[in-house]
Every structure is written in C-alpha cells, then in structure tokens.
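Q: The listed protein sequences correspond, in order, to chains A and B. When you line the first sequence up against this note's numbering, it's residues 27 to 299, in that order. When you line the second sequence up against this note's numbering, it's residues 96 to 751, in that order.
Just so you know, the hints here were simulated from the structure itself, not pulled from any lab data. We put the CB at the ideal spot given by N, CA and C, even for glycine. Some hints here could point you the wrong way.
What the hints assert, rightly or not - Once the Cα atoms are required to be at most 30 Å apart in a straight line, the calculated DSBU-like pairs of lysine-lysine come out as:
(1) B:K727 x A:K231
(2) B:K727 x A:K175
(3) A:K164 x A:K231
As the list claims (entries may be wrong) - Some chain B residues close to chain A (C-beta under 7 Å, calculated; not the full set):
(4) G243
(5) R245
(6) E357
(7) D360
(8) T617
Said to hold, decoys possible - One side of the interface only, derived from the structure: several residues of chain A facing chain B at Cβ under 10 Å:
(9) G40
(10) R56
(11) K164
(12) R167
(13) E169
(14) R173
(15) E184
(16) K190
(17) R236
(18) E244
(19) D255
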Amino acid sequence: MLDAGAEGYTTEDGRKIGGVLMEMKNITLRFGGVEAIKDISFDIREGEIRAIIGPNGAGKSSMLNVISGFYVPQQGEVWFRGEKRPQMKPYQVAAQGIARTFQNIALFEGMSVLDNIMTGRLTHMDAGIAAQALWWGKAQREEVANRAKVERVIDFLEIQHIRKTPVARLPYGLKKRVELARALAAEPMLLLLDEPMAGMNVEEKEDMSRFILDVNDEFGTTIALIEHDMGVVMDLSDRVVVMDYGKKIGDGTPDEVRSNQDVIDAYLGVAHD
Amino acid sequence: MTDQAAASGALISIPVLLARNALKYGANTAYREKEFGIWQSWNWIETAEEIRALALGYLSLGIEKGDYVAVIGRNRPALYWSMVAAQKVGAIPVPLYQDAVAEEMAYVLENCAARFVVAADQEQVDKVLEVQERVKVIDHVIYLDPRGLRKYDHSRLHSLRDIQAEGRAAHERYEAELQRREAAITYDDTCVMLYTSGTTGRPKGVVLSNRNIIETSKNSAEFDHLRPGDEVLAYLPMAWVGDFIFSIGQAYWVGFCVNCPESADTMMTDLREIGPTYYFAPPRVFESQLTNVMIRMEDAGRFKRWLFRVFMDHARKVGPALLDGKPVGAWDRFKYALGNLFVYGPLKNTLGFSLVRVGYTAGEAIGPEIFDFYRSLGINLKQLYGQTEASVFITQQPDGEVRSDTVGVPSPGVELKIGDNGEVYYRSPGTFVEYFKNPESTRDTKDPEGWVATGDAGFIEPETGHLRIIDRAKDVGKMADGRLFAPKYVENKLKFYPNILEAVVFGNGRDYCTAFINIDLTAVGNWAERNNIAYASYQELAGHPRVMAMIQDHIEEANQSIAEDEMLSGCQVHRFLVLHKELDADDGEMTRTRKVRRRFVEEKFDDLLNALYIGKTEIYTETEVTYEDGRKGKIKATLEIRDAAVVADTGRMAAE
Chain A
27 MLDAGAEGYT
37 TEDGRKIGGV
47 LMEMKNITLR
57 FGGVEAIKDI
67 SFDIREGEIR
77 AIIGPNGAGK
87 SSMLNVISGF
97 YVPQQGEVWF
107 RGEKRPQMKP
117 YQVAAQGIAR
127 TFQNIALFEG
137 MSVLDNIMTG
147 RLTHMDAGIA
157 AQALWWGKAQ
167 REEVANRAKV
177 ERVIDFLEIQ
187 HIRKTPVARL
197 PYGLKKRVEL
207 ARALAAEPML
217 LLLDEPMAGM
227 NVEEKEDMSR
237 FILDVNDEFG
247 TTIALIEHDM
257 GVVMDLSDRV
267 VVMDYGKKIG
277 DGTPDEVRSN
287 QDVIDAYLGV
297 AHD
Chain B
96 MTDQAAASGA
106 LISIPVLLAR
116 NALKYGANTA
126 YREKEFGIWQ
136 SWNWIETAEE
146 IRALALGYLS
156 LGIEKGDYVA
166 VIGRNRPALY
176 WSMVAAQKVG
186 AIPVPLYQDA
196 VAEEMAYVLE
206 NCAARFVVAA
216 DQEQVDKVLE
226 VQERVKVIDH
236 VIYLDPRGLR
246 KYDHSRLHSL
256 RDIQAEGRAA
266 HERYEAELQR
276 REAAITYDDT
286 CVMLYTSGTT
296 GRPKGVVLSN
306 RNIIETSKNS
316 AEFDHLRPGD
326 EVLAYLPMAW
336 VGDFIFSIGQ
346 AYWVGFCVNC
356 PESADTMMTD
366 LREIGPTYYF
376 APPRVFESQL
386 TNVMIRMEDA
396 GRFKRWLFRV
406 FMDHARKVGP
416 ALLDGKPVGA
426 WDRFKYALGN
436 LFVYGPLKNT
446 LGFSLVRVGY
456 TAGEAIGPEI
466 FDFYRSLGIN
476 LKQLYGQTEA
486 SVFITQQPDG
496 EVRSDTVGVP
506 SPGVELKIGD
516 NGEVYYRSPG
526 TFVEYFKNPE
536 STRDTKDPEG
546 WVATGDAGFI
556 EPETGHLRII
566 DRAKDVGKMA
576 DGRLFAPKYV
586 ENKLKFYPNI
596 LEAVVFGNGR
606 DYCTAFINID
616 LTAVGNWAER
626 NNIAYASYQE
636 LAGHPRVMAM
646 IQDHIEEANQ
656 SIAEDEMLSG
666 CQVHRFLVLH
676 KELDADDGEM
686 TRTRKVRRRF
696 VEEKFDDLLN
706 ALYIGKTEIY
716 TETEVTYEDG
726 RKGKIKATLE
736 IRDAAVVADT
746 GRMAAE
C-alpha cells in the first residue's frame with residue numbers, strides 16, 4: 027500500500043501530493059432495501075487525480091453523488107478540508123469549491139457555449155437582482171471580471187470557435203468539453219468527473235485525457251473521476267478506489283490495483299454468493 | 096553602406112524599418128491578436144520594445160551573428176517578433192511549416208543547423224525535442240504558450256516571456272552589443288531563409304537578402320498604393336514566402352497593421368471582425384467560401400433566392416465594368432446601387448470583404464466563375480504570379496486590367512523572357528541569392544546573368560503584354576501522336592467545377608488522356624443530402640453511380656471547352672475514375688501547400704493507371720493510408736472506370 031502519510035506523498039512523475047482534502051468515513055447509502063454503498067472509507071488528497079472504478083452497478087455514481095451532496099448517506103461522515111460536512115444542498119456544496127460534470131451531459135441546450143460556461147461562475151456573483159437586471163454598477167463589473175475568467179477557460183480547452191454556437195448544435199465530444207469548461211469556470215478546489223470519456227472515440231479520449239492532466243497541472247485542481255475505460259484510468263490517475271457491488275475491494279496506485287486478486291476477480295466475473 | 100542602400104534612404108533592414116515606424120507611426124497599431132475573446136493590440140512603440148527585449152534576451156543566451164533561428168507555429172505577433180529580434184542580433188530567421196511532422200522538421204533543422212528554435216506550444220516543442228535527440232545542433236528551445244510544459248526539463252528550454260524579462264533585466268550589459276550588431280547589418284545580408292516545399296525531392300533553403308525583401312516590398316507596395324492604416328489578416332503559413340512579404344516586408348515598409356486570428360478554426364469570424372483592406376488568399380479559400388454561400392442560398396426562402404438571383408445576374412453584367420471604371424448606364428448604376436443595399440453589401444459583410452481595397456489570389460489558377468463572382472460584388476480581386484525564389488512578385492494585375500486567364504504584367508523592376516522551350520524566365524531585384532548549401536541547384540535555376548527559370552511554361556499576350564501560364568514546364572509533354580500535352584490546363588478546367596476537388600490527368604507519351612478525380616465532400620455531400628442519397632463515407636459517396644454520372648457530365652463539358660483550343664484539343668479526357676481516398680499531404684501525395692505530386696501519384700496508383708489504359712471497366716485496389724496520429728491502415732475498394740465522350744478533331748484517330 028502506498029504510504030499516504032498525513033503530509034502527503036510524491037508521485038512517480040515527481041508531483042507533490044498534499045494532505046487530505048476530502049475524507050469519506052464509513053459511508054453507507056441505501057435506497058429502500060438496496061444497499062448501493064456498504065461501509066466505504068477512502069480519502070482524496072490535495073492535487074491528486076483519484077479514480078473510482080468498478081463494473082456496472084458497483085455504486086460508483088452513487089459515491090460521486092454522495093461527494094457532491096446530491097445523496098445523503100444513511101451512515102458515515104464526509105470530511106472536507108478538515109471539517110465534518112453537515113448535510114448540505116448541492117448549491118452549498120458548489121459554494122464550498124466542488125464542481126462536477128455529468129455522465130449524460132446536463133447543459134442548457136438552447137444557450138450558447140459562452141452562456142453555459144458563464145453559469146459556472148454563478149457562485150462568484152453576488153450583485154443584487156436590480157443591479158443585474160439593469161446591468162449596472164457591481165453587476166457590470168462582476169460580469170466583466172467573470173467573462174475574463176471564462177475566456178481563459180475557453181482558451182485553455184480550445185473551444186474559441188464555438189463560443190457563440192448553441193450547445194444543441196454541437197457534437198457529443200464537444201458537449202463533453204463544454205461541460206468540463208463550465209465546471210472549470212467555477213474554479214473548483216475539487217473537480218468531480220462522471221465518466222468523462224464515455225461514448226468518445228480514441229482521438230477524443232486522447233484529447234480529454236490531455237485536458238484532465240493539464241487542468242491538474244496548470245491549476246493544481248484535485249480531480250476525482252469515475253471511468254469505465256481501464257486503460258485511460260490507469261494512465262491518468264495517481265490512486266484508484268475499486269468498487270464492486272457497493273463494497274470497496276481495492277485502493278492504491280494503478281499498479282497495486284492491477285495486481286489485486288479481488289479486482290481481477292471482479293473484472294473477470296467470479297460468482298458471488 | 097552601399098550606394099543602393101543610400102538610394103533608398105538607408106532603410107536597409109527590417110530592424111531599421113521598425114525603428115523608423117516607431118518614430119514615425121509610434122501610436123499606430125502595428126499588431127493585433129485576438130486572445131481571450133478580445134482583440135489585443137500593440138502599437139509600433141510597444142512592438143519595438145517587445146522586439147528589443149527579445150533581442151537582448153537572445154544575446155543573454157549567447158546567440159552569435161549568422162546563427163539560424165527556426166520559428167514554428169501559427170501566425171502570432173510574438174512569433175513575428177521572434178523573427179525580427181533574430182535579425183536585430185544578426186541571426187537569420189527560418190520559419191517552418193507548423194504541420195510538418197518531426198521527420199520533415201529534422202531535415203530542415205539539420206540542414207540549416209538551427210541553434211535556436213522558437214516553438215509556439217507544447218505540440219511543436221514535443222516535435223523539436225524528438226528531433227533534438229537526433230539533430231545535435233539545437234542549443235535552445237524557446238516556447239510561447241507554457242501550457243503543459245511545466246514538468247519539462249528547463250535546462251535548455253525557455254519561456255519566451257522569461258527570455259524577454261531576462262533581456263530587459265540585462266539591458267545595460269547587452270545594449271552596446273545589440274547596437275553594434277544592428278549597425279553591422281548590410282543590405283546584402285540574409286534577411287530570411289525559407290524552405291520551399293518542393294513538388295519533387297527534398298526541400299531547399301531559399302536565401303533572401305535584405306535587398307530582395309525590401310526592394311520587392313517597396314515596389315509592390317507602391318504598385319498597389321498600400322498605406323499606413325491598411326489592415327491585413329495574417330493566417331497563411333509563416334513558412335510561406337507570401338506571408339513573410341505581406342506580414343513583415345510590406346507591413347514594415349508601409350507601416351500597416353498585421354492582425355492574427357485567435358485560432359485556425361475562428362479564421363472566418365476573425366476575418367469578418369477585422370475587415371481587412373488588403374487581403375490575400377489562395378483560390379481554394381475563395382472557392383470554399385463561394386461554395387458555402389451557394390449551399391446556404393439553396394436553403395434560403397423563395398423570395399430571398401429570387402432576390403439573390405436577380406441581383407447577382409445584374410452584378411455579373413455590370414459589376415466588373417464598374418470596378419474597372421468603364422462607362423455604365425445610369426439605370427444599371429442605380430440597379431447596382433440597389434443590389435448593393437440588399438445583396439452585395441450584406442454578403443460582403445458576411446464574408447468579411449466590406450473594406451477590401453486590394454485582394455490577391457495566387458498559387459493556382461482560379462476558376463473564371465469564382466473570380467468573376469467576387470469581382471462582380473465590387474471586390475477588387477486580382478491575380479499575381481510569383482514564387483519563393485522571386486520574393487513572391489513576378490507578375491501582377493494592375494487595377495483596371497484584371498482578367499481571370501492571365502496573371503498580369505511584370506511587377507515593377509521585373510524583367511521577363513520566354514525561353515525556346517516556352518519556359519518563363521525572370522530577373523528582378525527580388526531574385527534570391529542562392530539555395531542554401533546547394534550550389535548545384537542554384538546553378539541549375541539561376542544563370543550567371545541572374546535569369547531564373549520558373550519551371551512554368553507560358554507566353555506573353557502580344558496585344559496586352561499580360562503573361563499567361565499554361566502549365567509546369569516539366570509536366571508539359573507530347574502525346575504518342577506528337578500533340579501537346581498540358582495536364583494542369585485540363586486539371587484546372589475540371590477543378591473549376593465545385594464538385595471536383597482535385598484532378599490528376601495523365602497522357603504523356605500515351606494515345607489518349609485519362610484522369611483521376613477527387614470529389615469535394617462538402618459540395619457533393621450537400622448535393623447528396625438534397626437528393627436523398629445516403630452514404631457512410633467518402634469512399635462510398637465517391638463510388639455512387641449518380642456521382643459517377645455527375646462527374647462524367649462535368650468531364651464531357653470540360654472536353655468540349657478543351658476542344659475549342661486547337662493546340663490543346665488532344666488533352667480531352669477519354670477515361671476516368673474517382674479515387675477511393677482524398678489525396679493527402681500526410682500520405683505524400685501532395686505538398687504541404689496542397690499541390691499534387693504528380694510523379695508520386697503516378698507511381699503509387701500504378702495499378703489504377705494501368706487499368707485506365709488496358710480498357711478495364713472495374714479495378715480492385717488496396718491502398719495504405721496514414722492517419723493524423725501517424726498510424727497506418729489500409730483501405731480496399733473496387734473502382735469503376737468510365738469512358739467520357741470526346742469531341743472529335745481532325746488530328747486524332749478515333750479512339751473508340
């Protein structure tokens with residue numbers, strides 16, 4: 027097991043990973059009689075790329091929804107930046123500095139790419155409704171400042187050419203990128219990506235991997251992602267949590283996880299009792 | 096300093112012109128670049144400061160006089176500055192094509208022994224580092240966009256901004272040296288070295304002196320009355336001589352503003368926002384813009400279509416005459432003004448051509464319909480003929496004497512003569528100094544008196560003095576029965592059809608001519624959509640019987656037009672096939688400037704060519720293709736071969 031002491035660790039490629047940013051303690055989540063998550067604990071450290079993987083129905087998305095505050099677990103605690111997080115609404119979680127993308131894209135289809143990304147800045151705007159409506163004073167200053175931030179993200183993700191295009195007209199791969207842009211515009215401390223590569227071709231996957239690494243590198247953003255594509259996960263992430271039928275069956279570096287017998291069984295399909 | 100230098104007011108180098116512009120036009124905008132959604136601008140004083148800081152930075156890295164500085168990336172102000180800064184310290188800039196693969200880059204970098212490389216971003220840096228392992232000459236790599244490069248070993252890799260900052264910090268130490276270097280530049284020092292992409296063999300480094308660039312810029316700027324306050328959009332490859340002349344030579348000579356687009360994909364939007372007054376594009380850009388307009392008009396409502404048709408017919412009738420200042424009746428003028436209000440004005444605005452005063456196209460022949468379309472809108476589009484070895488300009492069309500079938504009169508200072516074999520020769524102040532490290536090729540191209548062979552066959556029209564180009568001299572041949580074979584002439588006729596993207600015609604030493612065709616996926620795809628033809632790939636669409644029939648119609652029409660020219664009537668296309676893949680530079684079938692490598696295509700598709708001449712109606716073939724990421728694959732296809740009707744003429748035995 028990787029030595030993840032309180033002061034962090036250094037990755038193979040020489041990046042310094044900091045202390046614990048988020049910690050999940052004995053999380054259990056039930057839907058009626060179904061236990062989607064069974065007593066799972068793990069942590070996410072500052073500056074790392076952390077993956078959650080597992081076969082279909084393993085509870086990965088449920089886990090991400092617990093982190094982002096969509097679901098409230100029946101048991102267990104979520105600690106963020108050294109404090110226990112009380113029960114929160116998703117927008118409160120967002121205000122704490124956690125942003126996410128969705129498995130089945132959740133953009134405003136009729137709005138332009140630019141406007142969609144601007145919504146990512148909502149948590150950074152606090153001008154009153156009157157000022158907003160009249161676009162005057164503080165509202166105007168805020169919009170200019172926020173637009174500047176958004177333009178940096180547009181430049182970063184190389185989507186200048188579709189800035190004014192309505193989202194509905196974009197191909198799937200670009201929509202995914204716009205969603206990432208909106209999440210990035212929030213300048214999150216922790217970025218949650220729900221299957222960022224789903225439905226993409228090889229070239230799009232390569233681009234997206236590049237962007238994820240660059241985000242982590244340029245902005246030092248901590249990233250937690252769920253992904254199906256094992257190849258991509260193993261290349262991208264620093265540490266991997268493996269789930270199967272709601273249980274954690276592995277946790278460690280990609281190499282450790284790859285050689286874990288339980289993980290191999292889960293992926294090759296050993297009968298469960 | 097030489098006499099000639101004195102004659103032109105001692106403006107003997109680009110750095111000197113920069114200093115003059117900073118003094119004379121200081122507050123005028125010199126560069127604009129769209130970044131973060133906003134046009135950022137630099138005036139001449141700021142530009143001079145940026146370039147000076149970079150030049151000082153180069154000195155702190157130990158650049159020597161005569162070093163070569165390779166520059167790789169899309170058109171960005173900082174990359175232009177890196178070239179002028181190199182000139183300031185006595186080094187020679189060598190811009191390279193940014194889409195070149197590492198292999199091609201390695202050859203050039205090794206050939207000129209570039210000690211310094213300025214690369215735009217991570218993609219280019221990666222290529223250079225790959226090359227660096229083999230080519231030991233590269234000492235320092237400087238990059239512009241730091242993204243993704245943080246973790247790289249920075250012992251010999253530097254950010255351009257850091258180099259500028261170091262230059263500024265060390266200015267007291269290097270100021271004297273910089274002034275000494277600048278003062279030492281002579282009129283005959285090398286200004287820039289440009290590698291020609293070459294339709295055959297390895298690229299050659301064309302050495303152009305300050306004299307070449309400055310004399311040419313001066314002459315051509317006067318010819319078209321360019322002035323400070325003009326705007327150009329710099330979007331064509333920096334490694335291409337035209338961009339160097341327009342965006343550096345003429346821009347510094349005249350003191351006009353160079354605008355750089357945000358990215359290659361936003362070019363059309365940026366063009367519209369800037370509204371250049373001086374614009375250059377190869378024919379294919381005009382072609383694709385026209386195709387887009389036509390496709391969108393087909394989708395418009397009936398009233399708009401009617402309006403467009405009526406006024407475009409009128410524009411075709413009187414537009415060119417108005418542009419040339421010929422007499423036009425009052426009613427026609429009124430109708431044209433009305434058309435301008437409803438159709439031409441808005442259309443020009445959409446295309447970004449509202450303010451164009453001088454527009455040029457060159458590189459390939461442009462279809463007469465396309466050419467006339469733009470001119471009838473009131474856009475002063477002209478043709479020029481040139482090449483790298485001439486610092487672009489050989490001939491160009493004066494205002495009022497513009498036609499689609501000539502390339503104009505000799506540019507100021509250019510002498511022209513036609514050789515015995517019909518080849519065009521020229522001599523001019525812009526004539527290149529030599530091919531780098533290649534005296535043999537230099538001797539073959541340029542004779543002791545300074546006449547340069549263009550490699551093109553053509554003639555001068557006796558009545559107008561305009562030059563007409565027929566074909567590449569080495570492609571012009573004889574058919575089996577001794578008649579003239581000029582493939583390019585035929586290919587151009589075919590390419591003027593929007594549905595045909597490329598055509599390669601064969602027939603040298605043969606009984607009759609045949610052709611390979613590439614369809615234009617945009618135009619034919621749109622046609623297929625409107626006609627409910629389903630297709631899954633380029634290959635499938637290309638082989639569709641109705642597409643074949645359409646191409647056959649085009650070829651037969653072209654044959655009729657070719658038959659009208661007695662000299663070339665033997666070049667009618669008798670048999671053709673539509674290729675199963677698009678000709679591509681990555682597969683070596685075209686140059687990076689999208690010119691077909693005829694010999695290469697002939698050898699590669701040897702089996703297909705053979706089938707065209709042995710009378711087969713079908714041929715199965717397998718072709719290796721290279722994908723963008725360098726992987727290779729194979730495509731298989733069975734191609735149909737068709738006969739096209741030809742116009743019989745007296746000099747020919749019946750082929751059918």
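Q: If a hint holds in the structure, say so; if it does not, say that too.
A: Results of checking the hints against the structure:
| no. | hint | verdict |
| --- | --- | --- |
| 1 | B:K727 x A:K231 | 19 Å, holds |
| 2 | B:K727 x A:K175 | 41 Å, violated |
| 3 | A:K164 x A:K231 | 41 Å, violated |
| 4 | G243 | 5 Å, holds |
| 5 | R245 | 6 Å, holds |
| 6 | E357 | 5 Å, holds |
| 7 | D360 | 3 Å, holds |
| 8 | T617 | 17 Å, violated |
| 9 | G40 | 7 Å, holds |
| 10 | R56 | 43 Å, violated |
| 11 | K164 | 22 Å, violated |
| 12 | R167 | 16 Å, violated |
| 13 | E169 | 13 Å, violated |
| 14 | R173 | 8 Å, holds |
| 15 | E184 | 7 Å, holds |
| 16 | K190 | 8 Å, holds |
| 17 | R236 | 8 Å, holds |
| 18 | E244 | 7 Å, holds |
| 19 | D255 | 18 Å, violated |
Figure legend: structure checked against the earlier numbered hints; hints not met, in rising order: 2, 3, 8, 10, 11, 12, 13 and 19.
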